[in-house]
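*Asks:* So the chains spell out like this:
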Amino acid sequence: MYNADEQFEKLGLTLPPAPQALGLYKTCLIQENCLYLSGHLPIQADGKPIIGRVGSDLNKDEAKLAARQAGLTILASVKAQLGSLNKVKRVIKLFGMVNCTPDFDQHPYVINGCSELFASVWGSDNGVGTRSAVGFGSLPSNIPVEIEVLFEI
Amino acid sequence: MYNADEQFEKLGLTLPPAPQALGLYKTCLIQENCLYLSGHLPIQADGKPIIGRVGSDLNKDEAKLAARQAGLTILASVKAQLGSLNKVKRVIKLFGMVNCTPDFDQHPYVINGCSELFASVWGSDNGVGTRSAVGFGSLPSNIPVEIEVLFEI
Amino acid sequence: MYNADEQFEKLGLTLPPAPQALGLYKTCLIQENCLYLSGHLPIQADGKPIIGRVGSDLNKDEAKLAARQAGLTILASVKAQLGSLNKVKRVIKLFGMVNCTPDFDQHPYVINGCSELFASVWGSDNGVGTRSAVGFGSLPSNIPVEIEVLFEI
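So the protein lines, in turn, are chains A, B and C. All residue numbers for the first sequence refer to our numbering, where the first residue is 1442 and numbers rise by one. All residue numbers for the second sequence refer to our numbering, where the first residue is 1442 and numbers rise by one. All residue numbers for the third sequence refer to our numbering, where the first residue is 1442 and numbers rise by one.
One or more of the hints may lead you astray.
You can't tell identical chains apart in this list, so a pair holds if it fits in one copy or across any two.
SDA-like, lysine to any residue: derived pairs with alpha carbons at most 25 Å apart [as the list claims (entries may be wrong)]:
id	residue 1	residue 2
1	Lys-1467	Ala-1521
2	Lys-1530	Asp-1487
3	Lys-1451	Asn-1567
4	Lys-1501	Asn-1474
5	Lys-1530	Ile-1492
6	Lys-1451	Arg-1494
7	Lys-1528	Arg-1494
8	Lys-1501	Ser-1582
9	Lys-1501	Ala-1462
Calculated from the structure, these hints are not laboratory results.
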C-alpha cells in the first residue's frame, strides 16, 4: 500500500509555512469526501511568495520551480488541515494559473512542476488527476503561478 | 440558528433582477446537495451590468463595489432558484474573475466585495468558503468582475 | 427516451482522435457519478489543434467553430472513456476559456459553438448546464479556445 507520508519523508522535502488567507476566504474546506483548496501561491520558506511575470521576469524553468513551490504550499495546507498526507485518496482536479505575457505558450510545462511533485508524493495514478493549465493577464501580488486543487479524501 | 432571510431583511439590501443567460447555459443548476452558479455579472437595478476595466476605467474601490454587485446578482439568482436564502447551507467555492490591466495586483481586495456580502448574509463561517481571485485579459461585454459560485444546499 | 448515440449518428459528426495529455494529467477522471474532463483543445481530424488568437488571428465566427471543435474533441474523450455518449446523464458545468485580445467582449457567442453541439447531442435540457465563458491572456500552444467540462454520469 502506498504511504504518502513515508514517501514525503524519503523525498526530503522542506515545506513553507501553511498559508494564511489573503482575503475573506478559507484556504481549505472539506465537503463530504472532497477537500477543496483555494488558489495557492508559491510561498517560500520565509513566508514570502515568489514574484514576477512568466515570459518577462521569469523563464519557463523558473516558472516550473514556482509551480513546484505552489505545490509545496498546498502540501503544507493539506498537512495543517488533515494532519497526514495519507488522508488524501487522490487528486481529482488541478487548475494551474500562469501569470504570463500574451506570447507565452508553454503552460503545461510550467504546471508540471506541481503535477510531478504530487505524482512523487501520492504516486503516478492517485497523484495525477484532470487539469487545465492556462495563462492569466495578472495574478495577486504579481506572483507567477497560482494553483487550485480538488482532492478526494 | 442563523436565519439568512432575516439577516438579508435587516441589511436592507436591494437586489437587481435575477439574470437571464447570455448564451446557451443555465444560470443555476442543482446536483444532489450542490447548487452550481454560472459566472454572474455585476447587474444593476436597471438590469444593465457595470462596465469597464479595472486599473484603467475603474479603480480598486469601484471594482470592489462591482464585485459586491455581482454578489447581489448571485443572491437574486439564489432567491429565484430556491425561494429562500435559508436553503443555502454554505459557500463551498467562489471563483472571482477580475478584468484588469496586467499591472493590477489587488484581486483579493476586489473580490472581498462579494465575500463580505456573503459573510453578512450567511455568517462568517458558512458564508465563507474557498476562493481564487485572479486577473483575466477580458470579460464578456467588458464587465469589470464576474463571479462563479458553488453552494452546498 | 433521449438517445445521444443515435442523435450523434443522425448529426453525421466526424470526431477527431481522442486527445493525449500534454503534460502530467489525465484527460478524464470518474469520481462517483461525476466525469471530470481536463481542459480540451480544438483538435482537428489530423490530430493537430486549431491555432491563433481571437480578435487578431481569428474572428468571432472562426473562434465559434474552434469552440465547436473543442466540443468534438470532448465527445471523442467521452466515447473513449465511457464507450457510449448515452452514459452521460447531463452537463453540470462548462468552463469556456478564450485566448483573445483585451478588447474582445463576445466570449459567450464563441463558447456557444460548444454549447450548441452538446445541446444537439444530449438535448436542450440535459445537454445544457451552468457555464462561464471568459477571456485569457494566453493559452497552451496559442490555441484560440480551451474547454473544461463536468458531466453527471
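*Asks:* Could you place Lys-1530 and Ile-1492 in one of the four classes (within, between, both, neither) given a Cα distance threshold of 25 Å?
*Replies:* Answer is neither: 32 Å inside a copy and 37 Å across each miss the 25 Å cutoff.
*Asks:* How would you classify Lys-1467 and Ala-1521 at a CA-CA limit of 25 Å: within, between, both, or neither?
*Replies:* Within one copy, since 13 Å is at most 25 Å while 27 Å is not.
*Asks:* First find the shortest C-alpha distance between Lys-1451 and Arg-1494 inside one copy, then the shortest across copies, and answer within, between, both or neither for a cut-off of 25 Å.
*Replies:* neither (33 Å within a copy, 44 Å between copies)
*Asks:* For the identical chains here, do Lys-1501 and Ala-1462 meet the 25 Å Cα criterion within one copy, between copies, both, or neither?
*Replies:* Classified as between; 19 Å across copies, 27 Å inside a copy.
*Asks:* Using 25 Å as the alpha-carbon threshold, which applies to Lys-1501 and Ser-1582: within, between, both, or neither?
*Replies:* both (19 Å within a copy, 14 Å between copies)
*Asks:* For Lys-1528 vs Arg-1494, is the C-alpha pair at or below 25 Å within one copy, between two copies, both, or neither?
*Replies:* neither (34 Å within a copy, 42 Å between copies)
*Asks:* How would you label the pair Lys-1530, Asp-1487 (within, between, both, or neither) given a Cα cut-off of 25 Å?
*Replies:* neither (30 Å within a copy, 37 Å between copies)
*Asks:* Checking an output row: Lys-1451 and Asn-1567, CA cutoff 25 Å. Within, between, both or neither?
*Replies:* within (18 Å within a copy, 39 Å between copies)
*Asks:* Between copies, within a copy, both or neither: which fits Lys-1501 and Asn-1474 at Cα up to 25 Å?
*Replies:* neither (35 Å within a copy, 37 Å between copies)
Hints 2, 4, 5, 6 and 7 from the earlier list are contradicted by this structure; the remaining hints agree with it.
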